[in-house]
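Q: Residues in the sequence shown are numbered consecutively from -17, following my numbering.
Do not rely on the hints blindly, as some may be mistaken.
Pairs of lysine-lysine residues, derived as DSSO-like cross-links and limited to a Cα-Cα distance of at most 27 Å, are as follows [said to hold, decoys possible]:
#	residue 1	residue 2
1	K67	K29
2	K67	K34
3	K80	K226
4	K226	K296
5	K525	K505
6	K29	K(-10)
7	K343	K409
8	K80	K29
9	K34	K(-10)
10	K343	K296
11	K519	K529
12	K293	K440
13	K343	K293
14	K528	K505
15	K469	K296
16	K505	K519
17	K409	K423
18	K80	K34
19	K(-10)	K226
20	K226	K293
21	K528	K512
22	K440	K423
23	K241	K226
24	K512	K525
25	K(-10)	K241
26	K67	K80
Label-pair restraints from in silico Cβ distances [unchecked claim]:
#	residue 1	residue 2	range
27	S295	S72	28 to 34 Å
28	M479	R433	19 to 25 Å
29	L397	E31	42 to 48 Å
30	R389	R7	47 to 53 Å
31	R7	D38	26 to 32 Å
32	A411	A510	48 to 54 Å
Calculated from the structure, these hints are not laboratory results. Keep in mind that this is a model prediction, so the values were computed, not measured. Glycine is no exception: its CB is placed at the ideal position from the N, C-alpha and C atoms.
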Amino acid sequence: MSTDELFKDYDDAGVYVESQHRALRQDTRNFVVEFGRSHAQIAFDLKAEDVKELLDTPAPADRPVRWINLWGPHTQEAIVELLGKHYDFSLRLLAMIKSEPPGSKHRPHQKQARGFRTMLHLKQDVEAAVIPGDASDSSDEKLSYGVPLEKAEAPKVQPAGGISHYALAKQMINYQSIDVGNHSICVGANFMHDIVSKTEGSDIDIISEGVQRRLWSWLVLCDDHTVLSLHEHPGYVEDTRDLKSFRANTLSVLSQISKHGHGGSDPISMQTVRQALKTDVSQASPGVEGASLLFYYLFDDWQAVYTTVAKFSKRLEQIHDAIIFDMRKKSYQNPDVEIIPRLHVLGRQGRQLRNLYSGYKNLVERILEPKATMVYHANARSQSDLTSMSGHGGVLLAQSASQRFNRLSDRLELLMVSQMVESLAEKDALVNTYFNINAQKDSEATARLTRSATLLAKLSVLFLPVSLMTSYFSIQIQDLQGVYSAKDYWYSFAIIMSISFVALFFFSKLLMWVTESLDALLKQISHASKRFFNNTKKYCFQKLRKKNE
């Protein structure tokens, strides 16, 4: 079957709906889109021979931009080899793309959840790409289990003792790569995705709160107006909502390439790739324009970044409210013991996001470097100039895409990184506030206990004379039998109680004065003793010196 028979008109409403459903299926391995200003075609699940025929055939003039997307490139090694050979990938880059992620293995039964302390400090072994103590498990497998995609070719086995690319990417969130070749520029980075099934439940534990799935993606801008996107295999995903979240930006760009894709799109997430193409080929290259914008929008998942920061700020506000509510609790009510662990997890995630966004900014700066891409000014060069530039090697980046990358760099620095720094500072302030509130509550509780103990001591002193008097009246002595009446007892009780009450406050003040006077006297004696000892020591040294002389 020729490649022309595989492609369908993507501007057709039925093909558009079918493509959206097919892009959400787990067994979908790849798709290819060719588009221009007026026409767009799409094909799914191409084989290696189809891709080879496609690469050997120049893109038609009405569809100059080509997008090749692979999900799970390690399962499609033949296609990756063809792409690497055609665009002259380095051996290192090609080997990393074909490496198998540790989370793609089949896990039929879910393991028991680990405790908070174990999960909090759990680290992967970088060299073995597995969790210590469990050679068959990985951090990604805790999030999803199941069978991987059907593999066209057997994956290559990791060399013993070698460092796994995916293990390094999992352990170092800001690990990124950029490869500049004669025919392409390739950027690779971790991209964050929400786990909807773990964020919408009501019984979310501290570890799962705000957790996101990190998946590695390669984006390649080629010199023949082709864009490649290769995404890490997430393993079998049980919840379709999670799969939709993992592929959200790819699906958004894919849907908006069609003429039917802008109907219900959010203005913030609108991605105008085809709409920005030039119609006059004599003045500008629609291929450079379309490929550059496609490369930019695949990299700029702005809606996911904004949602992540907004959720982080919301969680910080919830902890702030919990601390204020905890401050108003009565002394007999137990404090919220989850505040400190939640602050710890929140701080760790905030630091990871800050490093991630700083890495994105660094990638943008590397993309805009003159030695990486040549910015093509659409109004300043003709098609002949473009052809001569392409002949010298290197990748062309449209001016519109370059301006968008510059704006993205500013947003990352002024909004994302600054916001995360401010949020982390607020988190530290909340920690100090929480401990200060607890210290103040402890001081108040100690003061209450001191007042209660003082009151009990005063009451015991107050009733001690009355107790002695009552004991005197209750003594069984023959000479005292019938001498005292009940009236005598109550008169004595009133007199002694009054004297005790007056004496209690008088002697309490007197006792305080005596205590302070004794403290002052002891300090004076201590200072006098020190002076006497110093003078005596000085006198002895002087006598000894005179005697020696």
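Q: Hint by hint, say whether it matches the structure.
A: For each hint, the structure was consulted:
1. K67 with K29: Given that 27 Å is the threshold and the Cα spacing comes to 16 Å, the pair holds.
2. K67 with K34: holds, 11 Å
3. K80 with K226: Roughly 24 Å separates the two Cα atoms, so the pair holds.
4. K226 with K296: Holds: K226 and K296 sit about 23 Å apart, inside 27 Å.
5. K525 with K505: violated, 30 Å
6. K29 with K(-10): Holds, at roughly 16 Å.
7. K343 with K409: The given pair, whose Cα atoms are some 24 Å apart, holds under the 27 Å limit.
8. K80 with K29: Cα-Cα ~16 Å, so holds.
9. K34 with K(-10): Since the Cα atoms of K34 and K(-10) sit roughly 19 Å apart, the hinted pair holds (cutoff 27 Å).
10. K343 with K296: holds, 24 Å
11. K519 with K529: Holds: K519 and K529 sit about 15 Å apart, inside 27 Å.
12. K293 with K440: violated, 56 Å
13. K343 with K293: At roughly 21 Å apart (the allowed maximum being 27 Å), K293 and K343 satisfy the hint.
14. K528 with K505: Not OK: K528 and K505 at ~35 Å, beyond 27 Å, violated.
15. K469 with K296: violated, 74 Å
16. K505 with K519: Given pair K505, K519 holds - Cα atoms ~21 Å apart, limit 27 Å.
17. K409 with K423: holds, 21 Å
18. K80 with K34: holds, 18 Å
19. K(-10) with K226: Given pair K(-10), K226 holds - Cα atoms ~23 Å apart, limit 27 Å.
20. K226 with K293: Holds, because 19 Å separates the two Cα atoms, which is no more than 27 Å.
21. K528 with K512: Holds - the C-alpha atoms of K512 and K528 are around 24 Å apart, at most 27 Å.
22. K440 with K423: Cα-Cα ~26 Å, so holds.
23. K241 with K226: Holds, at about 21 Å.
24. K512 with K525: holds, 20 Å
25. K(-10) with K241: Judged against 27 Å, a Cα distance of about 14 Å means the pair holds.
26. K67 with K80: Cα-Cα ~13 Å, so holds.
27. S295 with S72: 28 to 34 Å: violated, 41 Å
28. M479 with R433: 19 to 25 Å: holds, 23 Å
29. L397 with E31: 42 to 48 Å: Cβ of L397 to Cβ of E31: about 47 Å, so the range 42 to 48 Å holds.
30. R389 with R7: 47 to 53 Å: violated, 35 Å
31. R7 with D38: 26 to 32 Å: At 29 Å between Cβs, range holds.
32. A411 with A510: 48 to 54 Å: holds, 49 Å
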